[in-house]
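On the provided structure of chain A, position chain B with the ligands as indicated by the hints.
Given next are the chains, with one letter for each unit.
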Amino acid sequence: MLEIKNLSFAVDADGKDKEIIKNISLEIPDGKLYVITGPNGGGKSTLAKLIAGIEQPSEGTINFCGEDVTFLSVTERAKRGIAFAFQQPVRFKGIRVLDLIRLASGKNLTPAQACSYLSQVGLCAREYIDREVNASLSGGELKRIEIATVLARNALLTVFDEPEAGIDLWSFHNLIDVFKKQRDEIKNRSILIISHQERILSIADEIIVLRDGELIRQGEREEVLPDLIGTSSAVKECRGVTQGVDQC
Amino acid sequence: MLNLSATEKFLLNEIADINDVPAGAFNIRSNSQSVLRQSSKNVEIVSKEGVSGMDIFIKPGTKGEQVHIPVVISESGIKEKVYNDFFIGDNADILIVAGCGIDNCGAHDSQHDGIHRFYVGKNAKVKYVEKHYGSGKGAGKRILNPVTEVYMEENSAVEMEMVQIKGVDDTKRSTIADLKAGAKLVVRERLMTHEEQQAYSVYTVNLNGKDSSADVVSRGVARDNSYQKLDLKIVGNAPCKGHTECDSIIMDSGRILAVPALEANDVDCSLVHEAAIGKIAGEQITKLMTLGLTEAEAEEQIINGFLR
Ligand SMILES: Nc1ncnc2c1ncn2[C@@H]1O[C@H](COP(=O)(O)OP(=O)(O)OP(=O)(O)O)[C@@H](O)[C@H]1O
Ligand SMILES: [Mg+2]
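Residue numbers (this note's numbering), protein chains in the order written: chain A, 181 to 428; chain B, 9 to 316.
Isolated chain A, as found in the complex (with noise of 0.2 Å):
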């Protein structure tokens, strides 16, 4: 499905070339969910922008169903089937949910159609379907419909940077159960996460690493994850297992 290659991105910070991704590479097979996950700043979102075309890598390569998409831009990476969950969703004034969920889909869907993709993510549908993607939504809300949106694409490649990030736990049960569901039911589609949570780490077909812009750790969930869990927070121990890597 997906094959990055020796991927750097570097961008200038104060007259330097700071590098962010460092020579990566990895593979996504076909109809498989891996997570990404690692401290905070190691670059995952950037990670998943270069994925989706909205950042230009300094090296490297991308190649997504056999066909070469370094140079292609966004709108094309997408129509060929990629598609991205922003971490921070955009809000946009007088665009409504419908619209936006329709736009996603390529089609004409009708308001029942569409409120199905926001059932699925724990929003009563018929209350928010109208409502404008502004201001006024909260962040979890307007999270929710960012993830809603996404799922309307259905993408062979679908990125979700910190799905979980403002959602409550009800909500968060919710989305478990629409992951599983995506890699359970439908055949060759990948899914690739990014997230801190435990529970999503545990449906993970397999983990990555990221720490400083370094892939420092790939292997299976059962592999991975026992260093990962056992105390209070993934992320503090991503730092522990991070720091057992340097040891080696």
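Hints are computed from structural coordinates only; laboratory data are not their basis. Glycine included, C-beta positions come from ideal geometry on N, C-alpha and C. Check each hint, because a few of them may be wrong.
Unchecked claim - Some chain B residues close to chain A (C-beta under 8 Å, calculated; not the full set):
#, residue
1, N11
2, L12
3, T15
4, E291
5, Q292
6, K295
7, M297
8, T298
9, L299
10, G300
11, L301
12, T302
13, I310
14, G313
15, F314
16, R316
Relative to chain A, chain B with the ligands alone:
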């Protein structure tokens, strides 16, 4: 069925969603003539003497009625000034739909200056919708200069929706409102200018009575080489609440000047203004591109939403 040309029908549909003879009271004005008029039991429409225009009387206590007074101009070179006065009786509740569409395919300027005065009775409720539209490829300009005056008695409420989205070359809009105690005014203005178009919009709202309030929001998009000046002023002369908001998007070489003004002449006035001008946020375009839209399609969606 309406006996109008295809262009006139098209304009009517654009500005007033009218495809056929509307229900209730109406006056359809086409190329400077009233072509169809109907009064109703509660709404009487009478021609003015000496000047063009109408007096429209809405009986006290009228409920759930509508008045449509669309204007279309399809001949090049027409210039007209029209005075329409609305006398809205106490406790009435009415929807007034105005609007002007100009199609100018000729070399001469076509211009409609509509002067609308509203005398709103005690406890009356008015919703006023006005849409302006221009079309035609002639070198002659399409010019609309609406003047709107609103005089509001105690506890009356007026909601105005004024939209100019397309094809009007020059517009000077002037709106004045005087509010007595407990009166409430809500204005939603939408302006889009293209090419070399110019739009000036000036509001002066006087909050004269205790607990009167006004909320004036103008949203504009200036594209190509167009220019907009938005001048929103609220004057508080009593304990009152006023809010103005000027929210604009500029594109290409468009220019916008926003001049919000507040004047408080009573210590218990609470007046707020907000003004923001900027281009479309890059992240909004990016988000829509991740949904498969091109950059141009994304811009179009964002603007359509913004001006909705
Ligand atoms: N345009 C930029 N200019 C400068 N620094 C940047 C830029 N974009 C990202 N960074 C930096 O790159 C690093 C990685 O950022 P990124 O958002 O990818 O981290 P993350 O792993 O998603 O973190 P979090 O867990 O907090 O979401 C951070 O230190 C960030 O400050
Ligand atoms: Mg991040």
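Consistency of the hints with the structure:
Look at N11 of chain B: its Cβ only gets to about 36 Å from chain A, farther than 8 Å, so that hint breaks. The beta carbon of L12 of chain B comes no nearer than 32 Å to any beta carbon in chain A, farther than 8 Å, and the hint placing it at the interface is violated. For T15 of chain B, the shortest C-beta to C-beta distance to chain A is roughly 30 Å, which exceeds 8 Å, and the interface hint is violated. The beta carbon of E291 of chain B is positioned within 8 Å of a beta carbon in chain A (closest approach about 5 Å), and the interface hint is therefore held.
A least Cβ separation of about 5 Å between Q292 of chain B and chain A falls short of the 8 Å threshold, and the interface hint therefore holds. The closest approach between the C-beta of K295 of chain B and any C-beta of chain A is roughly 4 Å, which is under the 8 Å cut-off, so the hint is satisfied. The interface hint given for M297 of chain B holds, since its Cβ lies 4 Å from the closest Cβ of chain A, which is under the 8 Å cut-off. Look at T298 of chain B: its Cβ gets to within about 5 Å of chain A, closer than 8 Å, so that hint holds up.
The interface hint given for L299 of chain B is met, as the beta carbon of that residue sits about 5 Å from the closest beta carbon of chain A, less than 8 Å. Interface hint at G300 of chain B: satisfied, since its Cβ lies 4 Å from the closest Cβ of chain A, which is below the 8 Å cut-off. For L301 of chain B, the interface hint holds, the least distance from its beta-carbon to any beta-carbon of chain A being 7 Å, beneath 8 Å. The criterion of a C-beta within 8 Å of any C-beta in chain A is met by T302 of chain B, whose closest approach is roughly 5 Å, and the hint holds.
Restraint check, I310 of chain B versus chain A: the minimum CB separation of about 7 Å is within 8 Å; hint holds. The beta carbon of G313 of chain B comes within 3 Å of a beta carbon in chain A, closer than 8 Å, and the hint placing it at the interface holds. Given the 8 Å rule on beta carbons, the hint for F314 of chain B holds: about 5 Å separates it from the nearest Cβ of chain A. Satisfaction of the interface hint for R316 of chain B is found here, the shortest Cβ-Cβ separation to chain A being roughly 4 Å, below the 8 Å cut-off.
Hint compliance for this structure: hints 1, 2 and 3 are not met, and every other hint is.
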